[in-house]
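S.K.: For reference, the chains in residue letters:
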Amino acid sequence: MAGVREVVEVLAKALTDRPDDVRVTESQHKHVTLIELFVSPTDIGKVIGKQGRTAAALRTLASTAGEREGKQVTLEIREGR
Amino acid sequence: MTNEITRPITEFLERVITALGINASVSTEETSDGPRLNVTGDEAELLVRHRGEPLKALQHVVDMSFGRTLPDEKRVFVDALEYRKGKDIELRQMAKFLAEKARQSGLDQQLGPLNPYERRIVHMAVAEVPGVTTESVGDAFSKTVLISLRK
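Going line by line, the protein sequences match chains E and W. Take the position in the first sequence, starting the count at 1, then add 135; the result is the number in our numbering. Take the position in the second sequence, starting the count at 1, then add 44; the result is the number in our numbering.
Read the hints as simulated data drawn from the structure, not as lab findings. Heads up, a few of these hints could be off.
[What the hints assert, rightly or not] With the Cβ distance kept under 7 Å, some of the chain E side facing chain W (calculated, not the full set):
no.: 1; residue: VAL142
no.: 2; residue: ASP155
no.: 3; residue: LEU196
Backbone N, C-alpha and C fix where the C-beta goes; we use that ideal spot for every residue, glycine too.
Start from the sequences, fold in the hints, and give me the full structure.
M.R.: Next up, the structure:
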């Protein structure tokens, strides 16, 4: 399966200690595709990284995946249950 | 030995390729600095757009996810269509050119701003030119390398 959601999921599962808690949703808001990444509260630091560098990398790659489908992507990182 | 280290990373890159929906594959090459994983195939071009930003991001995710699994100073390099390899060779040539210029003119030469990885390439390339020395100047992520005549 290919798509922005899948790319973010593969990356987040590699970065986290609890990959089974990773959940990614995709929704359309006018021109913008919103990707919400939910991770375990203990993994938030892992996906954000020092000075937000990992979060920036995830946003870059989410945009790259979106570029292929002509989508403008916004990535939000959230705490899962 | 190397296979054991690179296999999980190769598999990760293959999952990323599948998720991106591009027609590409991963090849491995051994270098003196560690293994280099190169994404090949015409659609790998997606990773080198915007001055290779997606590739840099992918390297960061690999460093964060697999960095601790590597022994001592080893690092896995992620490349696509040998983009970074080409960049590295260009940077080495530029560093050596400026080192020769510093040696002949006696004037300091500056190269940068460069990230830590790029600065390392410059220091190592200039070290091969006798009579000149290098120094990183500036702060944090945007340091430049100063090439000057050895006193």
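S.K.: Now tell me, hint by hint, if it's right for this structure.
M.R.: These are the hints, each one checked on the structure:
1. Look at VAL142 of chain E: its Cβ gets to within about 4 Å of chain W, closer than 7 Å, so that hint holds up.
2. Of the supplied interface hints, the one on ASP155 of chain E is violated, with its beta-carbon coming no nearer than about 16 Å to a beta-carbon of chain W, more than 7 Å.
3. Look at LEU196 of chain E: its Cβ gets to within about 5 Å of chain W, closer than 7 Å, so that hint holds up.
Of the numbered hints stated above, the single one contradicted by the structure is hint 2.
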